[in-house]
Amino acid sequence: MKILIQGGRVIDPASGLDRFSDVAVAAGRVVAIGGAPADFHANKTIDATGCVVAPGLVDLAVRLREPGHEHARMLQSEMAAAVAGGVTSLVCPPDTDPVLDEPGLVEMLRFRSEKLHQCRVFPLGALTRGLRGEVLTEMVSLTQAGCIGFGQADVPLPTLQILLRALQYASTFGYTVWLRPQDRDLGTGVVASGPLATRMGLSGVPVAAETIAIFSIVELMRLAGARVHLCRISSAAGLELVRKAKAEGLPLTCDVSIHSLHLIDTDIGYFDSRSHLKPPLRQQRDRDAIGRALADGTIDALVSDHSPVDEDQKTLPFAESEAGASAVELLLGMALQWAEAGGVELRRALQVLTSAPADIVAGGQDAARGGAGRLSVGGVADLCVYDPQAEWVIGADTLRSQGKHTPFSGYAMRSKVRCTIVGGYLAFEA
Amino acid sequence: MLYRRNPQLNKNGELVHLLSIEGLPASILRQLLDTAESFVSVNDREVKKVPLLRGRSVFNLFFENSTRTRTTFEIAAKRLSADVINLDIARSSASKGESLLDTIANLSAMAADIFVVRHGESGAPYLIAKHVAPHVHVINAGDGRHAHPTQGLLDMFTIRHYKKDFSNLTVAIVGDVLHSRVARSDIHGLTTLGAAEVRVVGPKTLVPSDLAQMGVRVCHNLKEGIRDCDVIITLRLQNERMSGALLPSAQEYSMSYGLSREVLQLAKPDAIVMHPGPINRGVEIDSAVVDGVQSVILPQVTFGIAVRMAVMSLVAGNDAN
Chain A
142 MKILIQGGRV IDPASGLDRF SDVAVAAGRV VAIGGAPADF HANKTIDATG
192 CVVAPGLVDL AVRLREPGHE HARMLQSEMA AAVAGGVTSL VCPPDTDPVL
242 DEPGLVEMLR FRSEKLHQCR VFPLGALTRG LRGEVLTEMV SLTQAGCIGF
292 GQADVPLPTL QILLRALQYA STFGYTVWLR PQDRDLGTGV VASGPLATRM
342 GLSGVPVAAE TIAIFSIVEL MRLAGARVHL CRISSAAGLE LVRKAKAEGL
392 PLTCDVSIHS LHLIDTDIGY FDSRSHLKPP LRQQRDRDAI GRALADGTID
442 ALVSDHSPVD EDQKTLPFAE SEAGASAVEL LLGMALQWAE AGGVELRRAL
492 QVLTSAPADI VAGGQDAARG GAGRLSVGGV ADLCVYDPQA EWVIGADTLR
542 SQGKHTPFSG YAMRSKVRCT IVGGYLAFEA
Chain B
116 MLYRRNPQLN KNGELVHLLS IEGLPASILR QLLDTAESFV SVNDREVKKV
166 PLLRGRSVFN LFFENSTRTR TTFEIAAKRL SADVINLDIA RSSASKGESL
216 LDTIANLSAM AADIFVVRHG ESGAPYLIAK HVAPHVHVIN AGDGRHAHPT
266 QGLLDMFTIR HYKKDFSNLT VAIVGDVLHS RVARSDIHGL TTLGAAEVRV
316 VGPKTLVPSD LAQMGVRVCH NLKEGIRDCD VIITLRLQNE RMSGALLPSA
366 QEYSMSYGLS REVLQLAKPD AIVMHPGPIN RGVEIDSAVV DGVQSVILPQ
416 VTFGIAVRMA VMSLVAGNDA N
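Top to bottom, those sequences are chains A and B.
For the first sequence, this note's numbering begins at 142 and goes up steadily by one.
For the second sequence, this note's numbering begins at 116 and goes up steadily by one.
There may be inaccurate statements among the hints.
To be verified - Distance condition first, Cα-Cα at most 30 angstroms in a straight line; then the derived DSBU-like pairs of lysine-lysine: (1) Lys455/A with Lys245/B; (2) Lys419/A with Lys126/B; (3) Lys245/B with Lys163/B; (4) Lys245/B with Lys319/B; (5) Lys164/B with Lys278/B; (6) Lys455/A with Lys164/B; (7) Lys256/A with Lys545/A; (8) Lys545/A with Lys126/B; (9) Lys319/B with Lys419/A; (10) Lys319/B with Lys338/B; (11) Lys557/A with Lys143/A; (12) Lys164/B with Lys545/A; (13) Lys557/A with Lys419/A; (14) Lys387/A with Lys419/A; (15) Lys419/A with Lys455/A; (16) Lys387/A with Lys256/A; (17) Lys278/B with Lys163/B; (18) Lys387/A with Lys557/A.
In short, the hints are calculated from the structure, not lab data.
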């Protein structure tokens with residue numbers, strides 16, 4: 142299929158390209174930026190006047206609930222939601238049911254997702270079998286099956302010994318270990334520790350739960366020589382540790398969720414379970430530090446942390462409700478809103494959604510470059526065309542995801558995806 | 116970030132549910148206390164009944180065990196001529212896997228007018244209040260560590276009864292504030308009604324420094340905490356606090372934070388001593404103090420009935436819309 146995208150503002154954050162021109166796509170690749178070849182006859186022309194043409198988004202944290210929710214056709218709905226949000230590649234955590242700890246499960250997930258012709262799915266394999274923190278998974282076989290890294294999702298490892306060995310084994314083969322830094326024992330609360338937790342009588346997770354975990358991870362990655370990606374940092378103090386480790390030159394990257402970027406603990410209001418999230422929303426100073434760290438590069442990528450939760454699991458008392466929110470359709474808008482409010486340039490806002498997370502997926506291997514997260518002639522045609530001025534209101538009726546819960550419900554968004562192209566295929570058109 | 120209205124109040128600012136003292140204006144608290152005052156005399160009459168809630172149904176929904184609170188709610192409802200249904204949920208539908216909201220929906224179908232709810236999770240009554248029909252009222256009888264507003268109100272009633280005015284009072288709340296819904300409701304009541312100083316007293320494991328942001332002074336020393344106080348509220352120490360590594364033993368707690376006659380001398384001579392019950396004699400408070408002249412622990416219980424009558428009659432008279 143040949144597609145011609147006409148008259149848009151073409152931005153490639155990796156190369157710094159930013160100009161108004163046409164983009165021609167054929168055979169899954171970008172064949173021209175600017176004048177299309179003389180023999181190019183488009184089957185489909187997209188008028189992108191007033192729109193931005195950017196690389197497709199790479200979301201490092203999207204729960205598709207498969208395996209586990211096949212009966213609800215969750216894979217279909219969540220992938221449709223992803224492309225509607227401009228996402229062309231996503232990483233899914235291994236805490237599915239059953240856990241992604243066997244090559245067969247990973248192959249099946251990849252097979253089923255490819256058949257849907259929507260976005261690319263990059264599974265994370267479990268670091269330990271069943272995420273139980275006892276036995277390592279067959280990381281080599283899992284990588285052959287398609288895993289791009291290994292992690293424990295939200296399940297902390299029981300001992301530092303296991304963490305050290307997992308890091309050593311993974312680094313033997315150059316695999317990246319993805320960890321959400323939270324101490325197992327201090328991290329059992331449901332909101333951030335602080336005045337709000339005390340006032341509401343909810344159990345808290347202290348900042349120390351995050352800093353202690355980051356400190357342990359950094360010490361052990363130095364020992365093991367491992368590459369680590371920290372998922373969903375939530376505190377200013379945690380970011381300081383990341384900043385130091387990066388300055389030291391350790392192969393450490395990290396991401397933050399759109400929730401921690403925009404919200405704070407008081408947004409929980411009157412026990413609103415839509416704000417029950419992992420990690421919990423912290424205080425104003427943490428949110429401010431997160432915003433600055435995302436701008437200055439301490440935080441590499443912005444993620445949606447999309448976790449669709451059904452109605453029954455959210456209409457429970459706060460602490461009993463399931464953590465998580467539907468978010469993949471909000472990623473782009475929330476990044477643009479952050480940039481606009483904080484005076485961050487558009488190139489950086491798109492970089493944290495595209496080339497930066499794509500590099501993390503590539504795990505430091507150049508072979509994967511020139512592909513996802515970039516917009517260049519000869520490169521893979523994973524593109525997102527959005528209208529930066531189209532307003533819509535976030536709500537159950539405007540979300541495609543089966544999860545209808547988000548703390549951003551009722552917010553006005555000012556940017557809407559017009560179309561999403563994955564490998565030269567028009568996966569979504571509004 | 117979006118503005119959300121206090122779910123206890125309707126758009127005219129009238130009380131339709133009682134979920135927490137927090138966020139209620141002083142005028143509503145005074146209205147509740149004044150109404151309770153008028154009901155105290157009902158309890159002294161030969162025929163202890165008024166027809167305010169005749170034909171209405173009050174459902175006592177206790178997801179957590181309670182004897183005292185449930186009984187006083189039952190007496191209060193009956194004195195208002197309501198029909199009272201006691202449901203011990205801990206032993207019925209919840210154990211069969213029925214969800215909280217399904218239980219509420221089923222009971223609503225039985226024409227309930229008021230739900231009195233006790234639940235082990237903070238915030239559970241808010242969830243219920245959000246999902247009931249507009250004519251149904253929810254009264255929080257204790258949720259997790261969050262709030263116990265009727266206990267807070269009866270404490271305010273007791274203090275007002277003995278001290279008349281809040282503006283010159285120094286009040287000390289002693290004990291396990293961290294886990295106490297009573298303490299939180301008392302703090303909100305006292306700060307709203309304008310008490311001069313509220314202190315919370317206990318070890319750092321049970322009295323977190325974050326409490327200061329609720330407008331109280333945090334003390335870790337009992338003598339310092341109760342010096343020149345007008346009111347001392349002692350809190351019950353749960354046995355499970357010892358297993359959670361929060362305290363070494365009840366004996367050691369008693370040594371540092373138990374209210375004895377000697378320590379009580381540091382307070383003002385006319386200070387009153389309160390306790391929400393049930394009491395652990397010899398742990399948080401000595402028998403000599405419980406039974407002493409400064410103790411108002413039993414009047415608290417009596418006032419509790421009038422206060423709960425006031426709460427039920429007031430919310431029942433206000434429409435959610």
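Evaluated hints:
1. Lys455/A with Lys245/B: Holds, at roughly 13 angstroms.
2. Lys419/A with Lys126/B: Roughly 34 angstroms between the alpha carbons, so the hint for Lys419/A and Lys126/B is violated.
3. Lys245/B with Lys163/B: Cα-Cα ~34 angstroms, so violated.
4. Lys245/B with Lys319/B: violated, 36 angstroms
5. Lys164/B with Lys278/B: holds, 29 angstroms
6. Lys455/A with Lys164/B: Distance ~42 angstroms between Lys455/A and Lys164/B Cα, so the pair is violated.
7. Lys256/A with Lys545/A: Within the cut-off at roughly 25 angstroms; holds.
8. Lys545/A with Lys126/B: Given pair Lys545/A, Lys126/B holds - Cα atoms ~28 angstroms apart, limit 30 angstroms.
9. Lys319/B with Lys419/A: holds, 27 angstroms
10. Lys319/B with Lys338/B: holds, 16 angstroms
11. Lys557/A with Lys143/A: Satisfied, since the Cα-Cα distance of roughly 24 angstroms is no more than 30 angstroms.
12. Lys164/B with Lys545/A: violated, 49 angstroms
13. Lys557/A with Lys419/A: holds, 27 angstroms
14. Lys387/A with Lys419/A: Within the cut-off at roughly 24 angstroms; holds.
15. Lys419/A with Lys455/A: holds, 14 angstroms
16. Lys387/A with Lys256/A: violated, 40 angstroms
17. Lys278/B with Lys163/B: The hint holds at about 27 angstroms.
18. Lys387/A with Lys557/A: violated, 35 angstroms
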